[in-house]
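Student: Sequence:
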Amino acid sequence: MNIVIQQGRVIDPSQHLDAVTNIYITRGHILAIGDQPPEGFVANEVIQAENKWVFPGLIDMQARLGEPGQHHTGTIASETKAAVAGGITGLCCPPDTDPVTDSQAVAELIQRRARQAATAFVMPIGALTQSLNGERLSEMYALKQGGCIALSQANRPIQNPLILKNALDYAASHNLLVMLRAENQQLKNNGVAHSGAVSSRLGLPGIPPSAETIALARDLILVEESGVRAHFSQLSCARSVEMIHTAKQRGLPVTCDVAIHQLHLSEMDVMTFSSLTHVTPPLRSHADREALRMGVKTGIIDAIVSDHTPLGRDDKQLPFGESTPGISGLETLLALTLRLVDEGVLTLSQAIQLLSEHPANILGLNVGRLAKGNSADLVIFNPNEVWQVRSEHLHSAGKNTPFNGWEFNGQVEMTLFQGRPVYRAEDR
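The end of the sequence shown is residue 428 by my numbering, with every number in the run present.
Hint data in this document are derived by calculation from the structure and do not stem from the laboratory. Glycine included, every Cβ here is placed at the ideal spot set by N, Cα and C. Be a bit skeptical, because a hint or two may be false.
Within a straight-line C-alpha distance of at most 20 Å, the following computed SDA-like cross-link-like pairs (lysine to any residue) qualify [as the list claims (entries may be wrong)]:
| id | residue 1 | residue 2 |
| --- | --- | --- |
| 1 | Lys316 | Gly203 |
| 2 | Lys248 | Met294 |
| 3 | Lys248 | Gly364 |
| 4 | Lys316 | Gly69 |
| 5 | Lys297 | Glu343 |
| 6 | Lys399 | Lys248 |
| 7 | Lys144 | Asn175 |
| 8 | Lys144 | Gly312 |
| 9 | Lys165 | Arg218 |
| 10 | Lys372 | Gly69 |
| 11 | Lys165 | Gly196 |
| 12 | Lys399 | Asn184 |
| 13 | Lys297 | Arg218 |
| 14 | Lys144 | Arg218 |
| 15 | Lys399 | Pro325 |
| 16 | Lys372 | Pro421 |
| 17 | Lys165 | Glu135 |
| 18 | Lys316 | Asp269 |
| 19 | Lys297 | Lys372 |
| 20 | Lys372 | Arg420 |
| 21 | Lys372 | Asn361 |
Here are the computed distance ranges between Cβ atoms for each label pair [to be verified]:
| id | residue 1 | residue 2 | range |
| --- | --- | --- | --- |
| 22 | Arg136 | Ala425 | 22 to 32 Å |
| 23 | Thr347 | Thr246 | 24 to 34 Å |
| 24 | Ser391 | Gly34 | 41 to 51 Å |
| 25 | Gln159 | Leu318 | 42 to 52 Å |
| 26 | Glu135 | Leu365 | 28 to 38 Å |
| 27 | Asn190 | Arg218 | 46 to 56 Å |
| 28 | Asn44 | Gly373 | 41 to 51 Å |
| 29 | Asp342 | Arg218 | 34 to 44 Å |
| 30 | Lys248 | Ser173 | 17 to 27 Å |
| 31 | Thr246 | Leu318 | 35 to 45 Å |
| 32 | Ala425 | Thr347 | 21 to 31 Å |
| 33 | Ser200 | Gln317 | 17 to 27 Å |
| 34 | Arg218 | Arg136 | 33 to 43 Å |
| 35 | Ile221 | His174 | 19 to 29 Å |
Can you build the whole structure from these sequences, using the hints too?
Tutor: Following this line, the structure appears as structure tokens:
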């Protein structure tokens, strides 16, 4: 099918492109970008995009889909529908599935279900250790052969430094990308909120910043020794941003991301005692939030993720400390990132890069850009549409969002995946 998207403001930071022009699509790929159609091109469908933005489909490097194992919280079909409603056409799902993604069979199952849904590109992340127990290394190379885009421990970091060292050495020998979450379990000590005035006032067990920074320091030393390509997931502390900056200056092969809710919320939002603000790592201080914002602005932080975790009502209708941590974030990732543009933290080009080109580069994928010959994964965005988050209207099976009632300027009007419209605003 031949499609032309006419007179949209086409924005592709990877090509320094920001112009009102046309995009020509054939057989699911971008044929050309320009005012004049390629020779012999006849459109079967014309999509008018005047006064709209057109940019690459977004890549979310951290999104749980519920399946396999937690079907009551979501499925690959339901969560990829939520993803494309938010302009996301590629997702990385961490290995803390049930069963754990520590075998080719589970990785292939996830990819098969994603192909059946045919809504977005789902990339499984394999487990670093068997069953994520932090003891015996997984069959890493087999996981790579099975389609895993990277290796990780999800939210269960390896505590034994010798085992982590062996894992990083092995991953480096096969040029595998490792995603690390820095957290010291002894210092975390079953805490549920940032260690500070708010947790003390509410009587919640606190998690000090050192639970992250001490683990990060250890991990950076082991990364330097092994030479592995390492990506640090979900930074939450100001000191962590400084440490990553220093590591990059010293030439270590490291990148990092931050969850979007960490750029808008802080420990003060926990004052309501709402379990919807219970996340891991916890919402930190205002100073930490500002440091994270400066990190994305200056490029120290390479990507923004949703850290999407769909949960059932029963998981959140519990006292704060007993509730399951997590936010349903796929459908608010783009809106919250663009709010940083409205607030002067990011330029529009930076915002799109942090959600498309940069994640694609980290993962080694030829996506996240509107280049000729690339898969036609793109978003048509109406910057003049005002909408309000309503949890009951989310496409995700998880309605657990602390942003319920927030109002945003601009909304996804259409998402194309492999040249097919997989979401239209009228479907909302």
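Student: Hints first: check each against the structure and report whether it holds.
Tutor: Verification of the hints:
1. Lys316 to Gly203: holds (19 Å)
2. Lys248 to Met294: Answer holds: Lys248 to Met294 is near 16 Å, not above 20 Å.
3. Lys248 to Gly364: holds (19 Å)
4. Lys316 to Gly69: Since the Cα atoms of Lys316 and Gly69 sit roughly 19 Å apart, the hinted pair holds (cutoff 20 Å).
5. Lys297 to Glu343: The hint holds at about 12 Å.
6. Lys399 to Lys248: violated (38 Å)
7. Lys144 to Asn175: holds (10 Å)
8. Lys144 to Gly312: The hint is violated at about 32 Å.
9. Lys165 to Arg218: Given pair Lys165, Arg218 holds - Cα atoms ~10 Å apart, limit 20 Å.
10. Lys372 to Gly69: Violated: Lys372 and Gly69 sit about 39 Å apart, past 20 Å.
11. Lys165 to Gly196: Answer violated: Lys165 to Gly196 is near 33 Å, above 20 Å.
12. Lys399 to Asn184: violated (30 Å)
13. Lys297 to Arg218: violated (26 Å)
14. Lys144 to Arg218: Given that 20 Å is the threshold and the Cα spacing comes to 26 Å, the pair is violated.
15. Lys399 to Pro325: It holds: about 13 Å lies between the C-alpha atoms, which stays within 20 Å.
16. Lys372 to Pro421: With Cα atoms ~19 Å apart, Lys372 and Pro421 stay inside 20 Å; holds.
17. Lys165 to Glu135: Distance ~12 Å between Lys165 and Glu135 Cα, so the pair holds.
18. Lys316 to Asp269: Holds: Lys316 and Asp269 sit about 16 Å apart, inside 20 Å.
19. Lys297 to Lys372: Violated - the C-alpha atoms of Lys372 and Lys297 are around 29 Å apart, more than 20 Å.
20. Lys372 to Arg420: holds (17 Å)
21. Lys372 to Asn361: holds (17 Å)
22. Arg136 to Ala425: 22 to 32 Å: Given range 22 to 32 Å: violated, Cβ gap about 48 Å.
23. Thr347 to Thr246: 24 to 34 Å: holds (25 Å)
24. Ser391 to Gly34: 41 to 51 Å: For Ser391 and Gly34 the Cβ distance comes to about 42 Å; the hint holds.
25. Gln159 to Leu318: 42 to 52 Å: violated (27 Å)
26. Glu135 to Leu365: 28 to 38 Å: holds (31 Å)
27. Asn190 to Arg218: 46 to 56 Å: About 21 Å separates the Cβ atoms of Asn190 and Arg218, which means 46 to 56 Å is violated.
28. Asn44 to Gly373: 41 to 51 Å: At 20 Å between Cβs, range violated.
29. Asp342 to Arg218: 34 to 44 Å: For Arg218 against Asp342, whose Cβ atoms are near 38 Å apart, the range 34 to 44 Å holds.
30. Lys248 to Ser173: 17 to 27 Å: Since the Cβ atoms of Lys248 and Ser173 sit about 23 Å apart, the hinted range of 17 to 27 Å holds.
31. Thr246 to Leu318: 35 to 45 Å: Holds, since Thr246 and Leu318 (Cβ atoms, about 40 Å apart) stay within the stated range.
32. Ala425 to Thr347: 21 to 31 Å: Once the Cβ atoms are compared, 25 Å apart, the range 21 to 31 Å for Thr347 and Ala425 holds.
33. Ser200 to Gln317: 17 to 27 Å: holds (25 Å)
34. Arg218 to Arg136: 33 to 43 Å: Given a distance of about 20 Å, which is not inside 33 to 43 Å, the answer is violated.
35. Ile221 to His174: 19 to 29 Å: Holds, since Ile221 and His174 (Cβ atoms, about 21 Å apart) stay within the stated range.
The structure shown violates the earlier hints numbered 6, 8, 10, 11, 12, 13, 14, 19, 22, 25, 27, 28 and 34.
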